[in-house]
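Asks: So the chains spell out like this:
There are 2 protein chains.
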Amino acid sequence: MTISFHHHLRDGDAVVNEAVGRIAARGFGDLVLAPTALFPTHDPLVPLVESGVIARIEGSMNGSLGAACTRGAMRGTAVLRSHGGRARAVERGELPIDLAIIAAPAADSFGNANGREGPSACGPLGYALPDSIHARQVVVVTDHLVPYPCAPRSIAGGDVDFVLLVDSIGDPSRIASGTTRLTRSPVQLLIAEMTASIVEEVGILREGFAFQAGAGGISLAVVARLAERMRKRGIRASFAHGGATGVLVNLLKEGLLGSIVDLQSFDLEAVRSLSEHPRHIESNPFDSYGPQGRGCAASMLDLAVLGATEIDLDFNVNVNTHSDGRLLHGIGGHQDAAASARCCIVTAPSFRRRIPIIRERVTTVSCPGEVVDVLVTERGIAVNPRRPDLLERAIRAGLPVKPIQDLMRAARDITGVPEDPRFDERVVAVVEWRDGTVIDVIRKVESETGSGKDEAI
Amino acid sequence: MTISFHHHLRDGDAVVNEAVGRIAARGFGDLVLAPTALFPTHDPLVPLVESGVIARIEGSMNGSLGAACTRGAMRGTAVLRSHGGRARAVERGELPIDLAIIAAPAADSFGNANGREGPSACGPLGYALPDSIHARQVVVVTDHLVPYPCAPRSIAGGDVDFVLLVDSIGDPSRIASGTTRLTRSPVQLLIAEMTASIVEEVGILREGFAFQAGAGGISLAVVARLAERMRKRGIRASFAHGGATGVLVNLLKEGLLGSIVDLQSFDLEAVRSLSEHPRHIESNPFDSYGPQGRGCAASMLDLAVLGATEIDLDFNVNVNTHSDGRLLHGIGGHQDAAASARCCIVTAPSFRRRIPIIRERVTTVSCPGEVVDVLVTERGIAVNPRRPDLLERAIRAGLPVKPIQDLMRAARDITGVPEDPRFDERVVAVVEWRDGTVIDVIRKVESETGSGKDEAI
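These protein sequence lines are chains E and U, in that order.
Its first residue numbered 0, the first sequence is counted upward by one per residue in numbering that gives the first Met the number 0.
Its first residue numbered 0, the second sequence is counted upward by one per residue in numbering that gives the first Met the number 0.
One copy or two, it doesn't matter: identical chains are merged, so the pair holds either way.
Derived pair list, reagent style SDA-like, types lysine to any residue, alpha-carbon separation capped at 25 Å:
#1 K252 <-> S274
#2 K252 <-> V145
#3 K401 <-> F350
#4 K231 <-> P146
#5 K252 <-> P146
#6 K252 <-> E116
#7 K252 <-> E275
#8 K231 <-> E192
#9 K252 <-> S237
#10 K231 <-> G254
Read the hints as simulated data drawn from the structure, not as lab findings.
The shape of chain E in the complex, shown without the other chains (with noise of 0.2 Å):
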């Protein structure tokens, strides 16, 4: 059967192990787990999947899960989706789910829930939204039983069939991350600096734009940069659209925003103001990123800042697996984001530890080169030829802007040529596009050590 489970809970969530363990401990096997995400704290399912009681994962495994796929340890093979690709699947029946669990930080006894209250609230819900409507059974599991009707809800009752009363779906302390923090990195704030600079120049920066940026310190930094410049011109946006952090939320306190669109609250500060603020709106993934929908809030950005592990001369973009061939990261709402936005700026440092980002081809293509506009290093800004306008631009007001080939060879000098991983010929997972299209796969990781371990599955 297939399980279904959302990360609002992020690396706080105590839903997952537990319930994935009881259903293996009465014997059940051939688990299909599709979680929006899993994260560090799901490690302990990893000998589940070694021992083949979770057959397959179709969803993005961010650590120590997504390695022992590339290690070839699980039977089956992975399916990567973004975040409106997965609902997609959902909602047209390639991803069937049997049962959908749903840890809700507040639910009342008809199976209404919502993140916003109670001692585990994490923001929104709405990625459990596609299972709650779609799966063959649907539990709502809470720690924090509220009157009917539990409102406003993210999860409606009449898709719930039961609803469970445990004592704690997470830990609050690790849910979100207290308080996001401005990096200190110069490297870091060099490419955010640049990265405003461009989206000043081109255009972009202008009364009513939507912009999307991460949770990343690059990301946090741009948002900074783009706030100054915003005051200095006395412009505001119209939204900030995906994930939110404390960041945005002063944004909205301070009026240069006209709202948060919140897919996921990053820390405690967002999840507050998604309660308090009324003009902090919770989205869910069709709403935000639905690929087959009438439009999704992302068809409105003007701007996505998108971070990279690897991007290629072609402008491709890998966010799942490193130069190693590792599987450490899912998709999230790259493709979503950066399919949608009318402009997509990748931001990386040209090299992390020794390894250089921009490869000639990238280990795994996340997301095609033809959706990304723009490339930000601490070394110079790339544009994609396809985007003759912003290149013109941007040569114009005398940004730093290089032929990605230069960038490349500029962070080889340093790095010197990485050597290429050995695979293994078995596909161990495959990436979709977002509208259901295998757009590359990922193979097993040849293992250097040769541990049995791996080897005996």
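Since the structure of chain E is provided, determine the placement of chain U on it from the hints.
Replies: Positioned in the frame of chain E, the structure of chain U alone reads:
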């Protein structure tokens, strides 16, 4: 093609006539209208029915359109469904909608919409929800465009194809009646008092009970009488469900209600309260009545107080036709509340305009007697023999309980035995139970005047 509309603007709606008129003017014919309900303001559609431009109506008809249907003016056969039954039929594809035209008091350019603000604010928009999700094309028509995102949203922009800005979608003074006044009719007040008494005596009136009553004179008086008893006994209701009125809003403010779960606002106090009071919660036909969900709010009701145009010796209820055979009302949520609540009480005077309400056999079965528990008239209370528990308690409490046959006879002693209307063989409408089963048909009424206009169709 099938075109749908909602009825939240009630008799103040300005969109239906305009839209259908324009579609007809372009030469489209054979139209199927699928409104959630039509009101006297939509009487101008009668000529389009007579000319065959509107082939049939699947939806509630209040007034002249229903009368036209029963005089045989409609080419096709009308279908009458409850609010829950309609939502189910739309969801299951039994009522496929080509074009949903959704009048929205507030909307953003993306299509997110609600009924909470703007010059035509009407409260909830939930009856349009099934159409917004399932119609092939969805148009939101608004006279009040707000910045994205319109929130909270009743209609999701991702489901909307087009947003149309017009001068006015309705006449605010007729959308809701302004204030809902309590009846001064001695008969209605007596019925209300007896209803409150039986509710109290059979044990329904206890801490945390949930109820639904309508917006009619008797219903509002029942609520007022229940409130008096609640104050006296120091108890409060968990929630009131269904249509919202100023009477309920005052109870909510007073603390006698935990929440109002609101499907449609019947007056302006209710409209305002929905926006202002955090425990005045908007609902929709899936959440409230969904007959094929994993549950609906109505299934948590301890009490439903409902009306009737007729009731018969088997407790079958007619809410659609009058005793002259004319179709003048929709089913509304009657079936859904009656079937779902633990106790369903029908209130009615023994006769109206010398037409007795209790019949040997109702003209139309809108709701089968097996889900109707009690009838309260000013001449006494009849308890359905299927509920010996209620009967025993009512008798023990000394309430004026009588066999329903006796109540019928008592009225007939005054009014005489009414003459039955003469029906033609032709079926002009079918009545569906909330699960889609046809439970009765409505036949053409033989015209006494033999008006040529009617017969020409």
